[in-house]
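Respectively, the protein sequence lines represent chains A and B. With the working numbering applied, the first sequence corresponds to residues 1 to 321, in that order. With the working numbering applied, the second sequence corresponds to residues 1001 to 1321, in that order.
No lab work stands behind these hints, which were simulated from the structure alone. Glycine is no exception: its CB is placed at the ideal position from the N, C-alpha and C atoms. It is possible that some hints are incorrect.
[Stated by the list, open to error] In silico DSSO-like cross-links for lysine-lysine, where the CA-CA straight-line distance does not exceed 30 Å:
#, chain 1, residue 1, chain 2, residue 2
1, B, K1276, B, K1307
2, B, K1124, B, K1041
3, B, K1041, B, K1135
4, B, K1098, A, K233
5, B, K1233, B, K1250
6, A, K233, A, K135
7, A, K121, B, K1124
8, A, K135, A, K37
9, A, K250, A, K306
10, A, K233, A, K282
11, B, K1037, B, K1282
12, A, K135, B, K1098
13, B, K1276, B, K1306
14, A, K37, B, K1098
15, A, K98, B, K1124
16, B, K1098, A, K98
17, A, K135, B, K1121
18, B, K1307, B, K1124
19, B, K1124, A, K124
20, B, K1124, A, K135
21, A, K121, B, K1135
22, B, K1233, A, K135
23, A, K124, B, K1098
24, B, K1282, B, K1223
25, A, K250, A, K264
26, B, K1124, B, K1135
27, A, K135, B, K1135
28, A, K250, A, K307
29, A, K282, A, K264
30, B, K1223, B, K1233
31, B, K1041, B, K1307
32, A, K124, B, K1121
33, A, K121, B, K1121
34, A, K124, A, K250
35, A, K98, B, K1135
36, B, K1307, B, K1135
37, A, K307, A, K135
[Said to hold, decoys possible] Partial list, computed: chain B residues near chain A (C-beta under 7 Å):
#, residue
38, P1025
39, H1079
40, A1102
Number of protein chains: 2
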Amino acid sequence: MHAFADLVETFESRFLSGLSFPQQPSTLYDPCRYLLKLGGKRVRPVLCLMACELVDDINEDAWHAATAIELLHNFTLIHDDIMDRAPLRRGQPTVHHKYGMATGILSGDVMCIFAYERLAKLHKSMPLILQIFNKTAIEICEGQQIDMDFEHRNDVSIQEYIQMITLKTSVLLAGSLQIGAITGGALGDNANKLYQFGKNLGIAFQLQDDYLDAFGDTSLLGKQNGGDIIANKKTYLLLRALENASVAQKGRITDLLASDGENKVSEMLGLFSDTKADAACKEAIARYSDEAFACIDDLAIPSVRKKPLIDLANYLLVRKK
Amino acid sequence: MHAFADLVETFESRFLSGLSFPQQPSTLYDPCRYLLKLGGKRVRPVLCLMACELVDDINEDAWHAATAIELLHNFTLIHDDIMDRAPLRRGQPTVHHKYGMATGILSGDVMCIFAYERLAKLHKSMPLILQIFNKTAIEICEGQQIDMDFEHRNDVSIQEYIQMITLKTSVLLAGSLQIGAITGGALGDNANKLYQFGKNLGIAFQLQDDYLDAFGDTSLLGKQNGGDIIANKKTYLLLRALENASVAQKGRITDLLASDGENKVSEMLGLFSDTKADAACKEAIARYSDEAFACIDDLAIPSVRKKPLIDLANYLLVRKK
């Protein structure tokens, strides 16, 4: 059984050395190679490998699935960055900023298809894994669309927000675990519990992201607080603040959303605290985290095998930055 | 056995009524439904069904594959239109013009995944069909990238051009036939010959498209000749004219490419004729057509079963507009 850090390292090296993009046309494949070599935490493929190893030794199918998952994730990053007009990814120029929008679209497309090219190599359970993979990929697209739709709406509920981050972020963690478990030969019940674990983990992680953007330790974050506030992003904190606010507070929040003033961030942070949105967010993180860990407890698998997964969840959920 | 026109009609009705896009988020799926309802010749899925019927009755797998192929084709249309900044498709606003670029990207993505969702329903030969489908989809992306690269190059050879249109256009016709034949239970040799038929048919069809844009009967085309000339598109005619041109003619072509003058089209058409690029293009169309029909002749299948395929090829290749 492999520790979390070992699996990241092994995946990283095998993934990058095994990239099977053709050399030509380099105008199409260089952007793919560029993005994949920028790194990333490789959490999703490692979840897949860990889920396989919960049940059995890591096999070829788990590697294929993990590779497909990482390719799918990076395909969505390329296209999301175009849609969000993001100039930077992992501190470097995004694909479309470096290579142009048209190539960004097309490199993303071909990376998506290369994900399926990996799935075509599966020896066992191909129809089932393909179905889960498709369902997950469809939900990610839906999540991204709903997120974009939120920009034009002023009536987003907390429930809708949780649904959006579930689709946009959590289902890929969940699907990675479910697929990994299936490659290891897991029975339905364990695979489903792993799916629920991943879903709750993903929600807790995204809510934590919202919280840290506002209240994280700036020396650890490496950036100022309040990026989401400046971008008027509809986060859990903002939605909960609006829900909890008095009429006067609500008016102040609305004014701040329309302003670009110097004190926008500090005043909004004050309102998040005054409305107890900060406490509600921490509580929600704890609730989804507890739910996630309860799913691991429930797995009909010897405790010792669960350790790498618990370590990974702790790494993702208790980081201070 | 079904005639070509019957298959188009049956596919059209079953395809549109069987579209399994969810209702929500409508901002994601309405654009998908919009494009698919704009119509199109449905040549690719019908080739798939015909290839199945060459061998056996049309079965469920052939329908799934045909649907997946039409979804793949339309996904590439959405993204190509964004890359080419095209305002119109089938006489109507393109998806990104109607719904915005971000939604265009995402609707294309989800349509691509829905293609794979159909493939996941295959009962037989899933790994093989998935492999052919992936290879085809990858080649289409490569063809689109090479086409975009051509815009910035002045040294494109005829051979490179044929390679580009093979990837961008022909392989999907070829792959549709190969996949259809496999759903019908065809043995390797017939499936491969059908692939070669589709490849040659596609090349002949694209060259004919180049020819008709320049020399087609405008009353049948419904548009003026020379759209490609105005857009400085590197077509077979232009590349062959440059290859055949005298120094003086080459200079004139280069001047015309840099000009937006009133006589650009008529002068370029004159140069295509003077350099015998027009005759060379017709000859190439005939050569690839002959090659295509020879592949059908070679099929170890009773002649009577081949008729719908021959009718379709004739429809595609001898149209006067």
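Verification of the hints:
Between B:K1276 and B:K1307 the CA atoms are separated by roughly 35 Å; this puts the pair beyond 30 Å, and the hint is violated. Annotation: proposed proximity of B:K1124 to B:K1041 holds, straight-line Cα distance about 28 Å (limit 30 Å). At most 30 Å may separate the alpha-carbon atoms for a hinted pair to count; B:K1041 and B:K1135 meet this at roughly 23 Å. Proposed proximity of B:K1098 and A:K233 is supported: the alpha carbons are some 26 Å apart, at most 30 Å.
Proximity of B:K1233 to B:K1250 is assessed by CA-CA distance (about 16 Å); at most 30 Å being required, the pair is judged to hold. For the hint pairing A:K233 with A:K135, the CA-to-CA distance comes to about 27 Å; that is within 30 Å, so the pair holds. Of the supplied pair hints, the one linking A:K121 and B:K1124 holds, its CA atoms being roughly 16 Å apart against a limit of 30 Å. The hinted pair formed by A:K135 and A:K37 meets the criterion: a straight-line CA distance of about 27 Å does not exceed 30 Å.
Straight-line distance between C-alpha atoms of A:K250 and A:K306 comes to about 45 Å, which puts the hinted pair past the 30 Å bound. Restraint check for A:K233 and A:K282: the C-alpha separation of about 18 Å stays at or below 30 Å, so the hint holds. In summary, the hint linking B:K1037 to B:K1282 is not supported, as the alpha carbons are separated by about 34 Å, beyond the 30 Å threshold. For the suggested pair A:K135 and B:K1098, the alpha carbons sit about 27 Å apart, so the restraint of at most 30 Å is met.
At roughly 36 Å between alpha-carbon atoms, B:K1276 and B:K1306 are farther apart than 30 Å, so this suggested pair is violated. For the given pair, A:K37 sits about 36 Å from B:K1098 by alpha-carbon distance, which is inconsistent with the 30 Å threshold. Taken as a hint, the A:K98 and B:K1124 pair is broken in the structure, with Cα atoms around 43 Å apart against an allowance of 30 Å. A C-alpha spacing of about 27 Å is found between B:K1098 and A:K98, which places the hinted pair at or below 30 Å, so the restraint holds.
Distance restraint check for A:K135 and B:K1121: the Cα-Cα separation of roughly 13 Å lies within the 30 Å cut-off, and the hinted pair is therefore satisfied. For the hint linking B:K1307 to B:K1124, the alpha-carbon distance of about 27 Å falls within 30 Å, and the restraint holds. Restraint check for B:K1124 and A:K124: the C-alpha separation of about 15 Å stays at or below 30 Å, so the hint holds. Between B:K1124 and A:K135 the CA atoms are separated by roughly 21 Å; this keeps the pair inside 30 Å, and the hint holds.
For the suggested pair A:K121 and B:K1135, the alpha carbons sit about 13 Å apart, so the restraint of at most 30 Å is met. This hinted pair does not check out: B:K1233 and A:K135 have alpha carbons roughly 40 Å apart, beyond 30 Å. Only pairs whose Cα atoms come within 30 Å are accepted, and A:K124 paired with B:K1098 is rejected, the gap being roughly 43 Å. Restraint check for B:K1282 and B:K1223: the C-alpha separation of about 21 Å stays at or below 30 Å, so the hint holds.
For the given pair, A:K250 sits about 14 Å from A:K264 by alpha-carbon distance, which is consistent with the 30 Å threshold. With a CA separation close to 19 Å, the supplied pair B:K1124 and B:K1135 stays within the 30 Å bound. As the CA atoms of A:K135 and B:K1135 are separated by approximately 22 Å, the hinted pair is consistent with the 30 Å bound. Distance restraint check for A:K250 and A:K307: the Cα-Cα separation of roughly 45 Å exceeds the 30 Å cut-off, and the hinted pair is therefore not satisfied.
For the hint pairing A:K282 with A:K264, the CA-to-CA distance comes to about 22 Å; that is within 30 Å, so the pair holds. Restraint check: the Cα-Cα separation between B:K1223 and B:K1233 comes to about 17 Å, which is no more than 30 Å; the hinted pair holds. Restraint check: the Cα-Cα separation between B:K1041 and B:K1307 comes to about 19 Å, which is no more than 30 Å; the hinted pair holds. At roughly 16 Å between alpha-carbon atoms, A:K124 and B:K1121 fall within 30 Å of each other, so this suggested pair holds.
Restraint check for A:K121 and B:K1121: the C-alpha separation of about 17 Å stays at or below 30 Å, so the hint holds. Only pairs whose Cα atoms come within 30 Å are accepted, and A:K124 paired with A:K250 is rejected, the gap being roughly 55 Å. A threshold of 30 Å between alpha carbons decides the hint, and for A:K98 with B:K1135 the separation of about 27 Å falls inside it, so the pair holds. Between B:K1307 and B:K1135 the alpha-carbon distance is near 29 Å, which keeps this suggested pair within the 30 Å criterion.
For a cut-off of 30 Å, the pair hint linking A:K307 to A:K135 stands: about 29 Å separates their Cα positions. Hint on B:P1025 holds. Least Cβ distance to chain A is approximately 5 Å, under the 7 Å limit. With its C-beta approaching chain A no nearer than about 5 Å, B:H1079 sits inside the 7 Å limit, and its interface hint holds. With 7 Å as the threshold, the beta carbon of B:A1102 comes within range of chain A, its nearest partner Cβ sitting at about 4 Å, so the hint holds.
Checked against the numbered hints given earlier, this structure breaks hints 1, 9, 11, 13, 14, 15, 22, 23, 28, 34; the rest are met.
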